[in-house]
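Engineer: Chain residues, written in single-letter form:
Number of protein chains: 2
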Amino acid sequence: MKRIGFLLVAVAMLGGVVALTAPGIGRGNEQASPIFVTQIPPGYRNWRLISVAHEAANFNSLGAILGNDVANKAYREGTLPFPDGAVIAALHYTHAPSAENNKISGRPQSFVPGTPTNIQFMVKDSVKYVATGGWGFGHFQDGQPGAEAFLKACFPCHAQEKAHDLVFTQYV
Amino acid sequence: MKRIGFLLVAVAMLGGVVALTAPGIGRGNEQASPIFVTQIPPGYRNWRLISVAHEAANFNSLGAILGNDVANKAYREGTLPFPDGAVIAALHYTHAPSAENNKISGRPQSFVPGTPTNIQFMVKDSVKYVATGGWGFGHFQDGQPGAEAFLKACFPCHAQEKAHDLVFTQYV
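Protein chains in written order, with our numbering: chain A, 1 to 172; chain B, 1 to 172.
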């Protein structure tokens, strides 16, 4: 909690610095930039594979991480930070035992994606999402965006992955 | 072992039936059809996601299953059996704890793909692979195809998934 509190302060400070040094942002009648991703990026289910992930314990999650063309190119070429336009999608499901597979193998060893739990996105736009390291964070459950209070937890945690431009998933 | 033995006999019988009833196959100087996939299908790493899989216990495997356009279309439209030209790829890695992620979350819960272990393929060609249900099975380790004795174990196991045209992975 202490660390997260510190990071939220850091975010607020970063926002202040940007407001002072980037006159092109927030000028005129424009409203403050939205911090979170509120629309599901179209076509994400056709994107290429970046990696897969299993989060055990309370998460009990099995997922796939996909990237659009910009994200994939950056991953493959090792480009950091990710360029604007990069979008990363994490498709999460419960980590469910496969009774069908286990019956055939004769061993309780097979786990497959169960119920879809959420889809999360990271959208790189260094202007729009400047307050959160250039990344917009999104979380969707049954097609509906997550609550703001929930989404506020994304950046402080991802900010700890500074060496990889705030992205946990590495290319497989 | 008993079940596998039975299925190998069944395969041999199936091959015999085909030889008797399909005069277009094996005629002239053509050699007997190869049973296994010996070349890695090009471009598979760009294919679309079908699903992900975690095999625990001795397998200790985390993987992604991708499909070419023909396979994806069939999956999405629920076409069974899969049409000729469908190719399914399974990219396998060790199921490895992520020290980096766990450090940030403060909990030993995160597992990611570790060392690549093998890539497996199922290639649908109802003529070429008629002896194994129309599917050619392939297994590659460090780019090299698996031994024939090893590959012989694929079909008897997959044959138990008759309701899904011998394919274990379901679309996620």
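By construction, these hints were calculated from the structure, which means they are not laboratory data. Take the hints with a grain of salt, since some may be wrong.
To be verified - The list that follows gives simulated cross-link-like pairs (lysine-lysine, DSSO-like), each with its CA atoms no further than 30 angstroms apart:
hint, chain 1, residue 1, chain 2, residue 2
1, A, 162, A, 152
2, A, 73, B, 103
3, A, 162, A, 73
4, A, 162, B, 103
5, A, 103, B, 162
6, A, 152, A, 73
7, A, 103, B, 103
8, A, 73, A, 128
9, B, 73, A, 103
10, B, 103, A, 152
11, B, 152, B, 73
12, B, 128, B, 152
13, B, 152, B, 162
14, A, 152, A, 128
15, A, 128, A, 162
16, A, 73, B, 73
17, B, 103, B, 162
18, B, 128, B, 162
19, B, 73, B, 162
Engineer: Please write out, lowest number first, the hints stated earlier that are contradicted by the structure.
Structural biologist: 7 and 17
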